[in-house]
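**Q** Here's the letter readout for the chains.
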Amino acid sequence: MALAEFLAELDELLAAAQSGFDTAADAAALEAARIDFLGAKSGRLKAAQKGLGTVAGADKPAAGKRFNEVKQAIEAAFEAAQARLASGAAQADVEAFDPTLPGTRPRRGHVHPLTQTMEDLKEIMGRLGFTVAEGPEIEDPWHNFEALNIPESHPARDPLENFYLATAQRTGGPWLLRSQTSTVQIRVMERTPPPVRIISLGRVYRPDTADATHYPMFHQIEGLLVDRHVTMADLKSVLRLFASSFLGGDVHIRFRPSFFPFTEPSVEVDMRWNDRWIEMGGAGMVDPHVLQAVGYDPEQVSGFAFGLGVERVCARRHNVTDIREFYKNDVRFLHQF
Amino acid sequence: MLVSWSWLSDYVRLDMPVEEVERRLMMAGLNHESTARAGDDVVIDFEVTSNRADCLGHLGIAREIATLWGREICLPKADPCPGSHPVAVLARVTVECPDLCPRYTARVVRGVRVGPSPAWLAARLQAVGVATINNIVDITNYVLLECGQPLHAFDLGRLRGGAIVVRRPRAGEQLEAIDHRVYELNEAMCIIADAERPVGIGGVMGGAETEVSAATTDVLLEAAQFDPLAIRGAARALNLHSPSSYRFERGLDPHGVDWASRRACELILELAGGELAAGVLDVGTPPVAREPIVLRFAQLKRILGIEVPADEVEQILVALGHRRRERTGERIEVTPPTWRRDLTREIDLIEEVARIHGYEQIPEDALVPMARSARTPADRVLGEVRATLTAAGFDEALTLSVVEEPVSEAFSPWSDLPALRTQMPILRRATLLRRSLVPSLLAVRRTNEALSNPTIELFEIASAYLPSSEGPPREERLVGLTTGGDFLALKGVVEELVARLNPAARVTVGDYRHALFAPGRAVQLHLDGETLGYLGEVSVEARKAFDLRGATTVAELRFGLLAAAAQLIRPFVPLADKPAIQRDINLELAESVRWAQLAAVVEEVCGPKLEALDYLETYRDRQRLGADRKSLVFRLTLRDPQATLTGAEADALRDRVVAVCADRLGAKLRLG
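From first to last, the protein sequence lines are chains C and D. The first sequence begins at 1 in the numbering used here and counts up by one. The second sequence begins at 1001 in the numbering used here and counts up by one.
Calculated directly from the structure, the hints in this document are not laboratory data. Even glycine gets a Cβ: it sits at the ideal position worked out from N, Cα and C. Worth double-checking, as some hints may not be accurate.
What follows is a list of derived Cβ distance ranges for each label pair [what the hints assert, rightly or not]: (1) C:H214 to D:H1526: 37 to 45 Å; (2) D:R1583 to C:E123: 46 to 54 Å; (3) D:P1579 to C:H335: 44 to 52 Å; (4) C:H252 to D:L1229: 53 to 61 Å; (5) C:D322 to D:R1037: 32 to 40 Å; (6) C:H214 to D:W1120: 27 to 35 Å; (7) D:G1550 to C:H252: 50 to 58 Å; (8) D:G1666 to C:E123: 55 to 63 Å; (9) C:Q91 to D:Y1615: 38 to 46 Å; (10) D:P1519 to C:E161: 44 to 52 Å; (11) D:S1009 to C:D275: 30 to 38 Å.
Between the sequences and the hints, there should be enough to build the whole structure, so can you do that?
**A** Here you go:
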């Protein structure tokens, strides 16, 4: 091949490559152009290199020099095109991204507000040394009544005041859905010698018509401390620590005389919060009959017990005005807490 | 108990503000409900606890005030002047059921002028909400509200045979009471009859035919004691609750019977004239003297945590009506007042001293000793379950423990015995103690669908009540789940939950058929070989039965098994520092070959070098694979903790897996 012809071919190749790379609109087109001009097996530059072999010997240095110049220029044009596309893509990305769109949030479930309240109460009582105890919800009359100093003749045992089971008739009277969590205290004391310091909680059942403040099933939490030298001052002090921890600040406790079969003396407990007395629950010193019923000696040990309704505490805490909401389980309700 | 201020002031000097009385009585055991003006009078409503029947009359409240303010109580004399005619010739009393009526007394006043009550008496009754009838009836009501003892006045002229017979009713007997309703009487009741027929329901209400009217001249006045249980039973059975039954149910002062009778006669003579017959018809056992009670002073400190001076203790007890028998440096022995039947033990006296001395005296800063306490293992597992399920997007529901009949039968995998039933419904028609949480959760799902809540993912942790043919019912704590996701989505949640509790625990499944689930889309879950629970996609029919529009998958797990398997504090497992190699395999298999079979072969072949086996995808194509064929793509992660695994070794393991699968499962390696 003549030198001039070879050089013209190189010029033509350079111009074509330059234009090919410059006009590549995206990475795919550029890649196609790269293969076309710079492809290792059958690229056009490779083909031009073959032409170099056919140039006459004397012309070879000049042809080789030119070939290298063209090769470098084509490679530079490719790199420039590559850079152009990269920066252009980044720019397009910046423009297409809207950072004000809402984030992709994982869906998280919520623990029921009654559970949350119970866990908080348990946690506080745990710090005061009370360990959680559990017991069955279906009870026998001994644990629900007899051992709690509620004899057969007591109005609290009336069939209309309790949910007795229709099926399980047996000696000692029919089983029933427990009407208080004090049953757990009896069960624990029966199997544990004093000292006992427990908190029992769970579902209890009483025949109430469901309305904004009543539900035939509700949750109770009860504390029990039996040991030598346990007094009502201890009761008041534990309740004060409990209420102060739960509500925050220094909460004061007031006792009003009341009547429960399983405690003597029995009191209603009020707490002073936001300059108001708020009813907290019932409490008292464990009745000697109860201590005897579980085999304790009331001359040796004494104890206190207290109980409160979880729904009431929870409703007040979250401003829920109708406790039936707790059992409707509307997902929108559950998601508020 | 409604209390008139002016009435109270008959018995105790009241020069303190009303609010002060309200407050101090509340702090001594009579909760203040409300206060209202009634003309010149003030009427206060006190809540009286069931042990304090003595406070169901003005005198009882006056006694409390007298005790708190250290005042004298002024008791009416109740000393009517009798005539000469003996009562025994005018009437007779027989008690046939002393178990129901331990004591019955009657006095007779002849020649009364029945008419309206004087203004002062009418005003007092009206102030506390009692309608006035005539002077005789008003007097019985007045004395009831004065001392708490119910009375009844009969028109003696209408009592056949001049007789009072206290007995159980005969078959078929009925009575028209003074409320002019007719009541069927039953054998458990105690009735008052004359020689021929019932004239009153003892302790509950008198009869219409023998009530005192304008025509009455001679009155027989009943004052009696009735068995509280019998009265409660009768009032319940008849659904007839009167001021009288309310008091008898709570147990009254046996000594108050005669006082009330005399007091009423005194007022009758004063306000209606007539002549009181001499003597009283008094049948039954006279009240027994009260047993003395000893209070050891040291016990006050032991129970209350405070000292109360011995002199104050005595002063309080005496003011409350106790008679002091003896006192030493250590103890005081007293006879309790007859009107306080609730006081029989030392601890009762301790409460009396405490409430009058004042609970505000008890400090609230005692040093309670510390004690060890830790979250129970069950509570820790519960916390972990809740944390895992909420992280998976499930909300916690709390539903009623009872369900209605059809719902109960929808799903009961834990027991085939009929559900336990309560004698009366707990809510609406729900009487069956649930044997599974799933029906309740599906009902909640429906509630949420009706509210158009888009995502309904719920769990509940609660007990199922499983009947047992012998012994007490068993309570099985369950974790119930319902999701809008499919089978594998919920299975993944269960697997994650188990892995969270114990990474080494293995969940496997077995086929399960139940009408609740779509065929082939339900399994029994096993945890290390034991039944953990059930999981399945709810069938279209079952969804219809529960009125559910959207698809749902449910599961129910035994919490006890999860808790037993949980390993909350885990030992550290040393980490291998040699690199892992992954190999993907694509096997063509018959449809009938399940992943679990394939996985078992892979695990067996690879042995300890298999770090993980991951399922990637299933591919089906009738054209290319043929019917009943599928291809499973999975990935082996291989690692030798001792030495660096070479590519050649990994390839060898892979080839061996393929070969054994071909041999045992009829698998064919798919290339490309």
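**Q** Next step is simple, just say for each hint if it's right about the structure.
**A** For each hint, the structure was consulted:
1. C:H214 to D:H1526: 37 to 45 Å: Since the Cβ atoms of H214 (chain C) and H1526 (chain D) sit about 43 Å apart, the hinted range of 37 to 45 Å holds.
2. D:R1583 to C:E123: 46 to 54 Å: holds, 50 Å
3. D:P1579 to C:H335: 44 to 52 Å: About 45 Å separates the Cβ atoms of P1579 (chain D) and H335 (chain C), which means 44 to 52 Å holds.
4. C:H252 to D:L1229: 53 to 61 Å: violated, 42 Å
5. C:D322 to D:R1037: 32 to 40 Å: holds, 34 Å
6. C:H214 to D:W1120: 27 to 35 Å: violated, 42 Å
7. D:G1550 to C:H252: 50 to 58 Å: Roughly 53 Å apart at Cβ, these two residues keep to the hinted range, so it holds.
8. D:G1666 to C:E123: 55 to 63 Å: holds, 58 Å
9. C:Q91 to D:Y1615: 38 to 46 Å: holds, 42 Å
10. D:P1519 to C:E161: 44 to 52 Å: Holds: the Cβ-Cβ distance is about 48 Å, inside 44 to 52 Å.
11. D:S1009 to C:D275: 30 to 38 Å: holds, 34 Å
Hints 4, 6, counting from the list given before, are not met by this structure.
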